[in-house]
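Participant: Chain by chain, the residues:
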Amino acid sequence: MLLRHTPKEIKERKALTINPAKTCQPVGAMYAALGVHGCLPHSHGSQGCCSYHRSVLTRHYKDPIMAGTSSFTEGSSVFGGQANLMQAIANMFTIYNPDLIAIHSTCLSETIGDDLNQIVSKAIEDGKVPEGKNVIYCNTPSYVGSHVTGFANMCTGIVKGLAKHTGTAIDQVNILPGWVEPSDMREIKRIAAEMSAPIVMFPDTSDVVDTPQTGEFKMYPAGGATVEAIASSGDSIKTLALGSYASEDAAKLLDSKFKVPYEVLDIPVGLSATDRFVEALANAAKVPVPASFVAERGRLVDVITDMSQYLYGKKVALFGDPDQLIPLTEFLLDLNMIPTHIVSGTPGKKFTKKIMELCAEKAPNVNVKNGQQADIFQLHQWMKNEPVDLLMGNTYGKYIARDEDVPFVRYGFPILDRIGHSYFPTVGYTGGIRLLEKILGVFMDKIDRDADSTKFELVM
Amino acid sequence: MSADKKLPDPSKLKEEILSKYPAKIARKRAKSMVINDTKLDQEIQSNVRTIPGIITQRGCTYAGCKGVVLGPTRDIINLVHGPIGCSFYAWLTRRNQTDPGPEGPDGENFINYSFSTDMQDDNIVFGGEKKLKQAIQEAYDIFKPKAIGVFSTCPVGLIGDDVHAVSREMKAKLGDCNVFGFSCEGYKGVSQSAGHHIANNQLFRHVVGNDDTKPEGKFNINLLGEYNIGGDGFEIDRIFNACGINVVCTFSGNSTIGAFEKSHTADLNLVMCHRSINYMAEMLETKFGIPWFKVNFIGAESTAKALRKIGEYFEDDGLKARIEEVIAEELPKVKARAAEARKRTEGKLAMLFVGGSRAHHYQELFKELGMETVSAGYEFGHRDDYEGRKVLPTIKVDADSRNIEELKIEADPERFNPRASDIKLETLKEKGLEISDYRGMKTDMADNALIVDDITHWETEKLVDFYKPDIFCAGIKEKYVVQKSGIPLKQLHSYDYGGPYAGFEGAMNFYADIEMMLSTTIWKKIKAPWLSKETDPSICAEYVA
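The listed protein sequences derive, respectively, from chains H and P.
Start counting the first sequence at 1; every next residue gets the next number (my numbering).
Start counting the second sequence at 1; every next residue gets the next number (my numbering).
These are calculated hints, taken from the structure and not from any lab test.
Mixed in with the good hints, there may be bad ones.
Unchecked claim - Covered, in the sense of this in silico footprint (three residues per stretch, anywhere, with C-beta under 8 Å from a C-beta of chain H), are these stretches of chain P:
{"#": "1", "region": "42–56"}
{"#": "2", "region": "145–157"}
{"#": "3", "region": "371–381"}
{"#": "4", "region": "407–419"}
{"#": "5", "region": "432–442"}
{"#": "6", "region": "483–495"}
Said to hold, decoys possible - List of simulated lysine-lysine pairs, DSBU-like, C-alpha gap at most 30 Å:
{"#": "7", "chain 1": "P", "residue 1": "214", "chain 2": "H", "residue 2": "189"}
{"#": "8", "chain 1": "P", "residue 1": "305", "chain 2": "H", "residue 2": "369"}
{"#": "9", "chain 1": "H", "residue 1": "11", "chain 2": "P", "residue 2": "133"}
{"#": "10", "chain 1": "P", "residue 1": "130", "chain 2": "H", "residue 2": "14"}
{"#": "11", "chain 1": "P", "residue 1": "305", "chain 2": "P", "residue 2": "214"}
To be verified - Not close to chain P: a few residues of chain H, all C-beta gaps over 12 Å, as computed:
{"#": "12", "residue": "88"}
{"#": "13", "residue": "215"}
{"#": "14", "residue": "315"}
None of the values given here were measured: they were computed from a predicted structure.
Note that beta-carbon positions come from the ideal geometry of N, C-alpha and C, so glycine has one too.
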């Protein structure tokens, strides 16, 4: 067994996390910063942070992930990191010529109390930031929240640093897509285009972390929301914030700073969440929902009706990030599946509350936990006590899946051992079909593998 | 390019690279970029601070300590004291294979687990020692491990949590669990290298020598600095087995706490990765009298050479004969495979920027493929890894190195036992064994080869453009950067999830993988056909008409 020491008996833990269902803030900030065109993310801390974050993002996307580090030493940890950051800003503009640098802090620089606002102001005063270039920043102490919090904080940093208000409203809707894949961001743009809804979306990592092989390395790929587009978001008529954990703070800031009203929606994963998104976008942009969407939606519903015998009543264990798990749980319930065990390392009371509400009718006995010690070890123990038919989560789930012989669908971050998430969305109606295809695929592979030769089916 | 042809002079390239840097940085980087002249002793500046913002390959001290040295040991719980990320990122990402055997008391394997105190803001403000104690207790209650290692991350040192005191207290409380700490905060030192040193120190202090049980083999060795990435250690063990050489302990591939505890009973230490483990070799020699020499099991010829050195050391005709038999059994098929691969690899160019020894060792494998290494450098090497240990007395100890503890080791009053006389060691030196020595990378590189320490992204781009190598070797962060430039990159940390590459079988795996990478045809189809065609407007016009 791969996880041979995981006992069925559950002992309460108050201090020890085993096999976490989260990671720390800065990686989320780095990912969000990549969704701005011409941006070079910068990690203000030890070299290891930057190296680890670049590595995990690279393994997930199989694409270049560029970022700088302040390379703290013991001396800078004692005397403060200002000199390192000032030098880093100057060097990055001189050597790598980005349009902007997006700085995030780390547990190290937060603990010693480096003031990013003051350091960046000083860098500007000292002429380290060339004319027409920008430096934005956010605080991402690793000992608060999770990687999702870091993503949210950088989204807020982007608004704070780049959004402007000219006084003339622009007939466009801001979309904060939340921490989703470049494929999902591309799909959201397609949905908006199909509806003829003018949008500004940021961050947008499509064409940044899913770049084509051209034989030429581009440090700043074609994609990413432009500084100009983000600037205009202060003049938009509305903001749709997808996922309260990743996007609500930035939407709030656009509201409080520039009076752009906002609505928080779930990330459009699955049937019901996509319905709400499509309607909300149509309302916000004052456009009709095109007929083509009835067909798109109908195709998803058609697959569900066709295949429901394989889905009905199946128990599912899930781990990942709240903004994904909430609509995913709702989708599973729409499929008449039974969300049974759910964990997320990301803290916040509204998560369990929301899951309990969703499951109240169809899966009232759901085990759900988030925050500290809500880890994959806990999930595995629950599975040993109440087995499930399907496990969904990031790549680390495969150790449980193999030990327990449970069909496994990779979903979330990071996915280190399969491709596809960069290219094929799981949002929208078509994304729903892709999720179904994956779920049905692992179910049917197991049926095929386990069927006695007399019961082996050709048609399923 | 054949090996006898001189490499191109990269002086202009170096100038061009430096011209982009501000003057002060250019001066600093110039000292870390050396055009090799085999006739000269040249200083290669290394193990110095990375310039902020320059985009480095380097990681941190914690990574070197927990990730590299302690990561491969299966029956210790490596508890990371800090916010969650540090433990998360070091969770299974280094491909240390291990074979725990069947489940049971001797079948412990915690490598697939990640343990953390997941420090929160109140722990930062009020201190995290209480939570750490509680976490150690919980780990013990659930898993009953033989040992728990506690790893400090950046904030731990800053807020003053004393992981050593907590470890001592918990060790005494638990009774049958060896609990010890590592002050491996990420900001210490200038790279992973400091973490290796800290790991060596604490293993030596808390584990090595705890069990005096004598090994049963006749030729008892430790293999130092071999981490069983992709199963390298398994292949080396297979060869040792065939030769009748008994490995008491490997530091630290496929290792156990029990093996570390007995490692002082071996009669010889073989050092693979000099950078990460030379401290252990020196301490074992000083305290217990075990000599060490440098070996390299990367490359078939190097493997044969290493085995013969072991035979020389033990001065046993039976062992020597057995080693020759094994080499005679293994080497011909490896050579045949190399000859086959050379049809596609001969004369091709390689570049290696990785590690603290791999960038040196892998040049051997490329030589066996008839390939030339035009440029190479370490991510976290020191001057001795480039220029050889002869420069050790001349290395200036700077503030960053001074902060890393240097253990004062003396001969153990009871257990010190010199395994070989000075005269014997001198004789072996004369026979070419690198006794207590490592000659470094530089001496094995061609004239005009460009040696670059702690290469930056900008330098990487320029080097690729200048040399247009057929293959580039580095790590995951560089992988797709270089491949997007149309050049295949071989990861030499993770082996691109392949391997083993050590020993005889490993050499054949490497030949096959490099042959595959150089023969993959998709690189020729990068350009869309309509962009590849000559665009002649007149022809277009005719066609349209």
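Participant: The structure should be examined with respect to each hint, and the outcome stated for every one.
Facilitator: Verification of the supplied hints:
no.: 1; hint: 42–56; result: holds (count 8)
no.: 2; hint: 145–157; result: holds (count 4)
no.: 3; hint: 371–381; result: violated (count 0)
no.: 4; hint: 407–419; result: violated (count 0)
no.: 5; hint: 432–442; result: violated (count 0)
no.: 6; hint: 483–495; result: holds (count 4)
no.: 7; hint: P:214 with H:189; result: violated (69 Å)
no.: 8; hint: P:305 with H:369; result: violated (57 Å)
no.: 9; hint: H:11 with P:133; result: holds (17 Å)
no.: 10; hint: P:130 with H:14; result: holds (11 Å)
no.: 11; hint: P:305 with P:214; result: holds (28 Å)
no.: 12; hint: 88; result: violated (3 Å)
no.: 13; hint: 215; result: violated (4 Å)
no.: 14; hint: 315; result: holds (24 Å)
Of the hints listed earlier, those the structure fails to meet are numbers 3, 4, 5, 7, 8, 12 and 13, in rising order.
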